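Asks: Sequence:
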Amino acid sequence: MWMACVAPDSYPMAGDRGLGVLSFSLNFDFVVEAVANYRKASANRTDQVPKVANEAFAGLIVCHVAENKDDEAIGIEGARWFFHNVGELFKPLIAKNQLYSYEYLRHLMAVDKDPNDLTDAELKQHPMIVVGNPDEVLRKLETFDKAGVDQVICFKQAGRIPHQKIMNSLKLMAKHVLPHFNPHRVVANDELQSAAAR
Numbered sequence: 001m002w003m004a005c006v007a008p009d010s011y012p013m014a015g016d017r018g019l020g021v022l023s024f025s026l027n028f029d030f031v032v033e034a035v036a037n038y039r040k041a042s043a044n045r046t047d048q049v050p051k052v053a054n055e056a057f058a059g060l061i062v063c064h065v066a067e068n069k070d071d072e073a074i075g076i077e078g079a080r081w082f083f084h085n086v087g088e089l090f091k092p093l094i095a096k097n098q099l100y101s102y103e104y105l106r107h108l109m110a111v112d113k114d115p116n117d118l119t120d121a122e123l124k125q126h127p128m129i130v131v132g133n134p135d136e137v138l139r140k141l142e143t144f145d146k147a148g149v150d151q152v153i154c155f156k157q158a159g160r161i162p163h164q165k166i167m168n169s170l171k172l173m174a175k176h177v178l179p180h181f182n183p184h185r186v187v188a189n190d191e192l193q194s195a196a197a198r
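As numbered in this note's numbering, the sequence shown has no gaps in its residue numbers, which increase by one up to the final residue, 198.
Hints are computed from structural coordinates only; laboratory data are not their basis. Just so it is clear, the structure is predicted and the values come from calculations on it, not from any experiment. Be a bit skeptical, because a hint or two may be false.
Claimed, not checked - Derived DSS-like pairs: lysine-lysine, alpha-carbon spacing no greater than 27 angstroms straight-line: (1) K51 / K124; (2) K146 / K175; (3) K69 / K51; (4) K40 / K51; (5) K69 / K40; (6) K146 / K124; (7) K124 / K156; (8) K175 / K69; (9) K40 / K124; (10) K146 / K40; (11) K113 / K156; (12) K175 / K113; (13) K124 / K113; (14) K146 / K156.
Unchecked claim - Simulated DEER-style distance windows between Cβ atoms: (15) K69 / A7: 21 to 31 angstroms; (16) E88 / N182: 29 to 39 angstroms; (17) I153 / D70: 23 to 33 angstroms; (18) V49 / A7: 35 to 45 angstroms.
All C-beta atoms in this analysis are idealised placements derived from N, C-alpha and C, irrespective of residue type, glycine included.
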């Protein structure tokens, strides 16, 4: 069983109940803290719900594996669209609670201004935006592994990324990135071609 989590107290609640976490926070520092709080609560459960506890922590990222700078720009633009629209989604909450909007964005997404006003380079540096060539993507994913995140939820279809670019990103991930994290799994060429053709 899994529990979707965003609010700080939802992570230890999931741990206490023996539920896996589906984290939808876009702030990496917050995710690192949430992992620690989840693991602590998970180690001292008082209200386990399922017969078998799920102790996995999964976190959302925007991910696009690119072959060249043009593909990378498409992925960055998709991430910009997603982050901007997440901010727009929370605007009514910000207004209702009279929260200072930039402070709220800093907490929610670790950005100081609207993502539409950030440069491509600034967006690419954001920990939850995993866009670049296979080596760059691999290095960024390693930071999640080191932080104790068991799985990443790769949001691939952000914004207006064309379908074929999404499929190519999946192919590059299968060929160059996933084997690093699962070296015992060999992906056959016909599997890659089949995935690319879809």
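Asks: Now, for every hint given, state plainly whether the structure supports it.
Replies: Hint check results:
1. K51 / K124: 42 angstroms, violated
2. K146 / K175: 22 angstroms, holds
3. K69 / K51: 49 angstroms, violated
4. K40 / K51: Answer holds: K40 to K51 is near 20 angstroms, not above 27 angstroms.
5. K69 / K40: 42 angstroms, violated
6. K146 / K124: 20 angstroms, holds
7. K124 / K156: 15 angstroms, holds
8. K175 / K69: 19 angstroms, holds
9. K40 / K124: 32 angstroms, violated
10. K146 / K40: 17 angstroms, holds
11. K113 / K156: Holds, because 23 angstroms separates the two Cα atoms, which is no more than 27 angstroms.
12. K175 / K113: Between K175 and K113 the Cα gap is close to 36 angstroms, so the pair fails against 27 angstroms, i.e. violated.
13. K124 / K113: Holds, at about 15 angstroms.
14. K146 / K156: 22 angstroms, holds
15. K69 / A7: 21 to 31 angstroms: 38 angstroms, violated
16. E88 / N182: 29 to 39 angstroms: Since E88 and N182 have Cβ atoms about 37 angstroms apart, the given range 29 to 39 angstroms holds.
17. I153 / D70: 23 to 33 angstroms: Check passed, 26 angstroms falls within 23 to 33 angstroms.
18. V49 / A7: 35 to 45 angstroms: Hint violated: Cβ distance 18 angstroms, outside 35 to 45 angstroms.
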